[in-house]
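From first to last, the protein sequence lines are chains Z and C. Under our numbering, the first residue of the first sequence carries the number 362, and numbering increases by one thereafter. Under our numbering, the first residue of the second sequence carries the number 23, and numbering increases by one thereafter.
It cannot be assumed that every hint is accurate.
What the simulated footprint calls covered on chain C by chain Z, stretch by stretch (three residues with Cβ under 8 angstroms from a Cβ of chain Z suffice, anywhere in the stretch; the number is not a length) [what the hints assert, rightly or not]:
hint, stretch
1, 64 to 73
2, 139 to 147
3, 168 to 175
4, 219 to 231
5, 268 to 278
6, 289 to 299
7, 304 to 315
What the simulated footprint calls covered on chain Z by chain C, stretch by stretch (three residues with Cβ under 8 angstroms from a Cβ of chain C suffice, anywhere in the stretch; the number is not a length) [stated by the list, open to error]:
hint, stretch
8, 384 to 397
9, 407 to 415
10, 467 to 475
11, 482 to 495
12, 520 to 531
13, 621 to 628
14, 634 to 647
To be clear, the hints were calculated from the coordinates, so they are not data collected in a lab. Every residue gets a Cβ at the ideal spot worked out from N, C-alpha and C, and that includes glycine.
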Amino acid sequence: MTDIASSPPIDAATAPGSGQRLRTTTQIYMYVALILVAIIVVVPLISTALGGFKTLSDLRGNPFGMPTEWQWSNYGDIIVSQRYWLQMGNSLVIAVLTVFLTLAFGAMAAFCFAHIRFFGSDYLLNYFLIGLMFPAATAILPLYIRIRDLGLVDTYWGVVLPQVAFGTGMSIMLFRNYFRNLPSELFDAAFVDGCGYMRFFWHITLPLSRPIIATVGIISFVGSWNSYILPLIMLNSESRYPWPLGIMIYRGEFNTEWQLVLAFITLTILPTIIVFFLAQKHIIAGLTAGAVKS
Amino acid sequence: MSMSDTTMPGRTFAAAKPRAAPQRRKRSLKHSKWPVLLLFLPPALMLFTVLVILPMGEAAWYSFYNWNGYGVPEQWVGWRNYQLIFRNGAFSQALINNGMIVVASILIQVPLALWLATMISSRIHGALFFRLIFFLPYVLADVAAGMIWRFVYDGDFGLVGGIAHLFGAEPPYWLADRDTAMYAILGVVIWKYFGFHMMLFIAGLQSIDKSVLEAADIDGATGFQKFRLVTLPLLGSTVRLSVFFAVVGSLQLFDMIMPLTGGGPSNSTQTMVTFLYNFGVTRMQVGFGSAVGVVLFVICVTLAFSYKRIFMRHD
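Pulled out of the complex, with its shape left as it was, chain Z reads as follows (with noise of 0.2 angstroms):
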């Protein structure tokens, strides 16, 4: 800053050395404040994992730096118990499930929406649509007890297909709009070729659809992997809690151990930063873009 302040008057009376001027002086000050949000932003990450080195006098007296002693052992002891594997592998056969029914479901009504008419399709179509209006937290009593009718209450379906049931006006709305969207020539083509709507289904339209499939399985990947409500109250044993639930009953059971808990939250996050830095454009695309469109 000291340096275009004191460059030549000569210089700065010109058209483009004050513009030049402006513009380097403007994003210094846009340099400050977006490393100010980042920091807000990181801050409690890198805290929050370094806090699970630290003893629980060492984070009393020293929240913010580094340990004054690494206490490897916080995460050694969470890295080997059962318990943290059995979570994670938990939240991964619910989110997979999720996924897969929300996928298959979601497209093969959507194609019906898309390619053939049919007495009513249009309320129909409105009928999956009422469904994103709600939250599933709205009628969570009545889901529960007919989970439970049906035999479902602490097993991994009784979390699954709610899910998938909630995500159903999403995804048929996301595919709906994909598939309209493909060249309607093959589509004349394939059935001038003889080929029916299933082969058109499997050969034509799916192979076509890579990115819309990604981006309704990002965004029922993401929400089951984080889902919180529905686990707690589906499921009653711990050995099928996913993560989310698993924090919480960490939490309750070390409550005055915070060192414990936040080395417990470190890994339990970790996955998620992980594919999130891996695969950051598809991921952001796929909930921004999704969000938008339905």
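Given chain Z, put chain C in place with the hints provided.
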């Protein structure tokens, strides 16, 4: 409403095709259409009906009973559950809190997100890096974010306590104080969601025609004038969308509250969903909880419809 709008092109598309197509193909289409309908529609339709629509209808039915969830609901109480809801101080607090989240979003989150989006969109170095960092909290689970901030706000072991310690002040316990707890939660909500809203604005900014801004340049508009008179009006639809997501998100807020305060202290941080959980689910008051669900449903649908009709008519 955008939903019925979006079905319109489908109608014309599907209706136009057979007309343009030769007669022979129209017949073959007709022949093969039922098997695919009977195979492809029922899975989604059945699951959606049984687990989304029926429970909502049952909630309306149960809401007139006093029932613990076992056997058959028998004790008809009429509108009493609804009267109890609206007489309950915790529920009015929940309504206020849900409103506060929307207001904070409009006053703080939308301007912040827009400001960051304009900076990141202005071709600076490291734009991708900042985008990545700002979006990161959005992909974390609400429960994890809530737990992390419970640590941050902790007066004894957390960052806020540490900062107070640096200045030699008494550590504050924001989450334990009913006057500050809700504001502390608003901070976490903004921390977690501003990146998502920022991405909406970045997408909105990308869709603005560059020639309009160049024309403003030629007319000698300053950077701020360009923003106020050109960019901002063109981003109207994105602002309305952003506020819409804030409203919807506020009505669902639950996961984040549970690790932070659980709705306390003395119900000062209840939202409608935590109220439903704390007063309906944990006490297995199926009738009362269902009535809360019905109220929440009516609020959600009314807001979604009227917001879309009033503000997003042309988007």
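- Item | Which numbered hints fail | none
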